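When you get a sec, could you build the whole thing from the sequences and use the hints?
Chains as they are written, first to last, in our numbering: chain W, 1 to 297; chain G, 1 to 416.
Incorrect hints may have been included.
Said to hold, decoys possible - Listed below are the simulated EDC-like cross-link pairs for lysine to aspartate or glutamate, each with C-alpha atoms no more than 16 Å apart in a straight line: (1) Lys78/G with Asp64/G; (2) Lys171/G with Glu204/G; (3) Lys307/G with Asp120/W; (4) Lys301/G with Asp64/G; (5) Lys307/G with Asp57/G; (6) Lys221/G with Asp3/W.
Unchecked claim - For the chain W half of the interface with chain G, some residues (derived, Cβ under 7 Å), not all of them: (7) Pro124; (8) Gly125; (9) Leu126; (10) Asn128; (11) Pro138; (12) Thr145; (13) Thr221; (14) Ala264; (15) Ser267; (16) Asn268; (17) Asp269.
What the hints assert, rightly or not - What follows is a set of in silico ranges between Cβ atoms, one per label pair, in the way DEER data are often shown: (18) Lys301/G with Trp166/W: 55 to 63 Å; (19) Gly55/W with Val347/G: 49 to 57 Å; (20) Val347/G with Ile281/W: 57 to 65 Å.
No lab work stands behind these hints: they were computed from the structure.
On a predicted model such as this, the values are computed, not experimentally measured, just so you know.
Cβ coordinates follow ideal geometry from the N, Cα and C atoms, glycine included.
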Amino acid sequence: MSDIIFIGLSLSSILLLIALGLSITYGAMGVINMAHGELVMIGAYTAVLAGLHLGLNLFFALPLAFVTSGLVGLVIERLVIRRLYGRIIDTLLATWGVAILLQQLIRLEFGLSFFGIHIDGLGPGLQNMTVPAFLTQPIDVAGMTIQPYRTFIIVVTLLLAGLTWWLMYRTPMGVQVRAIMRNPQIAAACGIDVRRVSALTFAYGSGLAGIAGVLLAGFKTVMPEMGASVVVDGFLVVVVGGVGSLLGTILAAGILGQINGIVALLSNDIIARAVVFAVVIALILWRPRGLFSFKSR
Amino acid sequence: MKTNRRNFLKHTTAFGAAAALGPSMIASPARASGEIEVGVLFSLTGGLSIIEKSLADATMMAIDEINAAGGVNGMMIKPILEDGASDPKTYNEKASKLVIRDRLQTVFGSYTSASRKAVLPVFEKRNSMYFYPTYYEGFECSKNVVYTGAVPNQQLSNFIPWIINTLGKKKFFIVGSNYIYPREMAKVSKILIEQNGGEWIADEYLELGHSEWGAMVSKIKESGCDVVLSNVVGDSVVAFYREFKNQGLTHDKLPICATVTSEIEIAAMGPEFAVGSYTSFPYFQAIDTDRNRDFVERYRKYVNDPKAVTHHALESSYFQVYLWKQAVEKAGDISADAVREGIKGQVFEAPNGTVTVDPENLHTYLTPRIAQWGADGQGTIVDEYPAPTEPLPYVAYGETPDNLFCTGAGLDTSKL
Numbered sequence: 001m002s003d004i005i006f007i008g009l010s011l012s013s014i015l016l017l018i019a020l021g022l023s024i025t026y027g028a029m030g031v032i033n034m035a036h037g038e039l040v041m042i043g044a045y046t047a048v049l050a051g052l053h054l055g056l057n058l059f060f061a062l063p064l065a066f067v068t069s070g071l072v073g074l075v076i077e078r079l080v081i082r083r084l085y086g087r088i089i090d091t092l093l094a095t096w097g098v099a100i101l102l103q104q105l106i107r108l109e110f111g112l113s114f115f116g117i118h119i120d121g122l123g124p125g126l127q128n129m130t131v132p133a134f135l136t137q138p139i140d141v142a143g144m145t146i147q148p149y150r151t152f153i154i155v156v157t158l159l160l161a162g163l164t165w166w167l168m169y170r171t172p173m174g175v176q177v178r179a180i181m182r183n184p185q186i187a188a189a190c191g192i193d194v195r196r197v198s199a200l201t202f203a204y205g206s207g208l209a210g211i212a213g214v215l216l217a218g219f220k221t222v223m224p225e226m227g228a229s230v231v232v233d234g235f236l237v238v239v240v241g242g243v244g245s246l247l248g249t250i251l252a253a254g255i256l257g258q259i260n261g262i263v264a265l266l267s268n269d270i271i272a273r274a275v276v277f278a279v280v281i282a283l284i285l286w287r288p289r290g291l292f293s294f295k296s297r
Numbered sequence: 001m002k003t004n005r006r007n008f009l010k011h012t013t014a015f016g017a018a019a020a021l022g023p024s025m026i027a028s029p030a031r032a033s034g035e036i037e038v039g040v041l042f043s044l045t046g047g048l049s050i051i052e053k054s055l056a057d058a059t060m061m062a063i064d065e066i067n068a069a070g071g072v073n074g075m076m077i078k079p080i081l082e083d084g085a086s087d088p089k090t091y092n093e094k095a096s097k098l099v100i101r102d103r104l105q106t107v108f109g110s111y112t113s114a115s116r117k118a119v120l121p122v123f124e125k126r127n128s129m130y131f132y133p134t135y136y137e138g139f140e141c142s143k144n145v146v147y148t149g150a151v152p153n154q155q156l157s158n159f160i161p162w163i164i165n166t167l168g169k170k171k172f173f174i175v176g177s178n179y180i181y182p183r184e185m186a187k188v189s190k191i192l193i194e195q196n197g198g199e200w201i202a203d204e205y206l207e208l209g210h211s212e213w214g215a216m217v218s219k220i221k222e223s224g225c226d227v228v229l230s231n232v233v234g235d236s237v238v239a240f241y242r243e244f245k246n247q248g249l250t251h252d253k254l255p256i257c258a259t260v261t262s263e264i265e266i267a268a269m270g271p272e273f274a275v276g277s278y279t280s281f282p283y284f285q286a287i288d289t290d291r292n293r294d295f296v297e298r299y300r301k302y303v304n305d306p307k308a309v310t311h312h313a314l315e316s317s318y319f320q321v322y323l324w325k326q327a328v329e330k331a332g333d334i335s336a337d338a339v340r341e342g343i344k345g346q347v348f349e350a351p352n353g354t355v356t357v358d359p360e361n362l363h364t365y366l367t368p369r370i371a372q373w374g375a376d377g378q379g380t381i382v383d384e385y386p387a388p389t390e391p392l393p394y395v396a397y398g399e400t401p402d403n404l405f406c407t408g409a410g411l412d413t414s415k416l
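Shown next as structure tokens:
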């Protein structure tokens, strides 16, 4: 029984990890960020490159990926998204274009491959991140096998969720962000620098995607296309949880992960995926605005 | 080329008014100029380019080698390279371009079955030859395709008995990606497992590209199996082996025996996750012969990468060009009909050993081998058939060497 819950929990934690950044960029800022998966991918590549060229392990790669993806997010916000606030469909198209661009940048090694320069760890090939040995060896505690890497992911995800909650609800910055979510014009009228706060919020959401990328790299192949598949799961969670609600995102990730885990064990993964989609459809029909929602811009 | 009425009509549609100038104008340009044009059709972009680029490189290397050694019957080979872009539809368009506009009689190409199926109608309708270098699921019998990769009986007929008799493992957990190749492989595996006195306790599938293996590996752990037979394809392989280790399973107690995990996948996952597991292929980079070592060295020099790995489909991409060359030399003509007749029974000393094209079904005799993966990402050959095995593309449906379903006359559908 504990095994089943653990699998569900680890599935949930990965869903939450991806959705957390999205719940900021999509949930709080109303940007359908199709490039979110690519920010995850950039995080994963940061870990690969840091391992290959700087000899840094997973733990150092986490903050590095946060900064890298965050900076890329900041640049995307400055160049593209800033001009598109409030035009939700346009953000979808524009960020999709950005996503393709980012994929090609990695695949073409920032264009250097045209000049015959090859950077180890980039290019169209499959890469992998080395996981420290003590995180791959299961530990037996009181008859239960504990998988350190999965446990590590769960712990990091919970910490990040806690941190995000604290930033949003316990800091002056968070108050400003929430004010902008409700009504940007009034927020601006109250003296909040909407542009600056929005840019930083987007960068923070992007940075979370970078961390997700590092952790995913531990058990997935790292390749330029890796982000495309994760972004769909992320949107599922955010939409079911209720756009703009952190608690809803956490709860939705928990529910969907557990359903996925239990059905996968009882039947198989393909049926589990179908069941998850069925549940999502049912939930959206029942509560079109998600589990938790409030009026926002 | 014969210019009967049927052909004439074809040319008229293809060339319009040009056809009115007469047959000499519409003959293959290749023969007129003293060089032979052939098509090379692999994905140079997109998700599959990682692997298909290496197949294209091996094909080009064989062409360059043949040209350097004086060409085919004194004629130079001129490759026309096209990009399938990892997309079956693009494959179809590019194949049409090569066959209809460039009027090529022979094209080397494809990695996936999906892309082969997409181009097949073009080659059959226009009667050109397609050389396909990848191991695949069988169940195909085309007069216009020469198959130089392994079919299920060449990967499994040695593997399953060896697992049962040598490893002493009897309870199989079969797992694969959810599409035709793994499902056909599972079908053949089950027949062989039952024949050899083993049993299979599960036959499970995951979507192609699926990377969340937590539930499946947990199921494997609980199932009580003593060996895992993996037909998992693509980047899922990496996630699978990594999760396997993370859940505390080891290959010395519960080995993964795979039919798709090649040198490429091992390098991508990090060799430490595969140490001790097995794969069955006719070719491994580790084959310890001078011919193979020389081949690996030449390939690395050709692609200018001292760490490049070679693998089964890559080696087939290389030697099938030589088989084609011999067929042209034997027939004295480059037309598809001549190549088809010429290639029957052709023998070539490939890096993996002697390969022979079956005169009936145009598949290739290959030597099944089993390798155990080591910490350096290379296999150690632990078992090798004494002789090349006859290819049986319909083995899952009861085909045997004495009862061929696919012959030179085509597929005998009454036997299915």
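Hints, one by one, checked against the model:
Using a Cα cut-off of 16 Å, the hinted pair Lys78/G and Asp64/G holds, with the two alpha carbons roughly 9 Å apart. For the suggested pair Lys171/G and Glu204/G, the alpha carbons sit about 14 Å apart, so the restraint of at most 16 Å is met. The suggested pairing of Lys307/G with Asp120/W holds, with an alpha-carbon distance near 12 Å, which does not exceed 16 Å. Straight-line distance between C-alpha atoms of Lys301/G and Asp64/G comes to about 13 Å, which keeps the hinted pair within the 16 Å bound.
Note on Lys307/G and Asp57/G: the hinted pairing holds, with a Cα-Cα distance of about 15 Å set against a maximum of 16 Å. A distance of roughly 11 Å separates the Cα atoms of Lys221/G and Asp3/W; the hinted pair therefore holds under the 16 Å criterion. For the restraint placing Pro124/W at the interface with chain G, the shortest Cβ-Cβ distance is roughly 5 Å, inside the 7 Å limit, so the hint holds. Taken as an interface hint, Gly125/W checks out: its beta carbon lies about 5 Å from the nearest beta carbon of chain G, inside 7 Å.
Interface hint status for Leu126/W: upheld, as the beta-carbon distance to the closest one in chain G is roughly 4 Å, under 7 Å. At about 5 Å, the closest approach between the beta carbon of Asn128/W and any beta carbon in chain G falls short of 7 Å, and the interface hint on this residue holds. Because the beta carbon of Pro138/W sits about 4 Å from the nearest beta carbon in chain G, less than 7 Å, this interface hint is met. Restraint check, Thr145/W versus chain G: the minimum CB separation of about 6 Å is within 7 Å; hint holds.
The restraint placing Thr221/W at the interface with chain G holds, with a minimum CB-CB distance near 4 Å, inside the 7 Å limit. With 7 Å as the threshold, the beta carbon of Ala264/W comes within range of chain G, its nearest partner Cβ sitting at about 3 Å, so the hint holds. Hint status for Ser267/W relative to chain G: violated, with the closest Cβ pair at about 10 Å, above 7 Å. Interface restraint check: Asn268/W against chain G, minimum CB-CB distance 6 Å, threshold 7 Å, status holds.
Hint status for Asp269/W relative to chain G: holds, with the closest Cβ pair at about 5 Å, below 7 Å. Take Lys301/G and Trp166/W: their Cβ atoms lie about 58 Å apart, and the range 55 to 63 Å holds. Take Gly55/W and Val347/G: their Cβ atoms lie about 51 Å apart, and the range 49 to 57 Å holds. Under the hint 57 to 65 Å, the C-beta atoms of Val347/G and Ile281/W, about 59 Å apart, fit the expected range.
Hint 15 from the list above is the single one not met by this structure.
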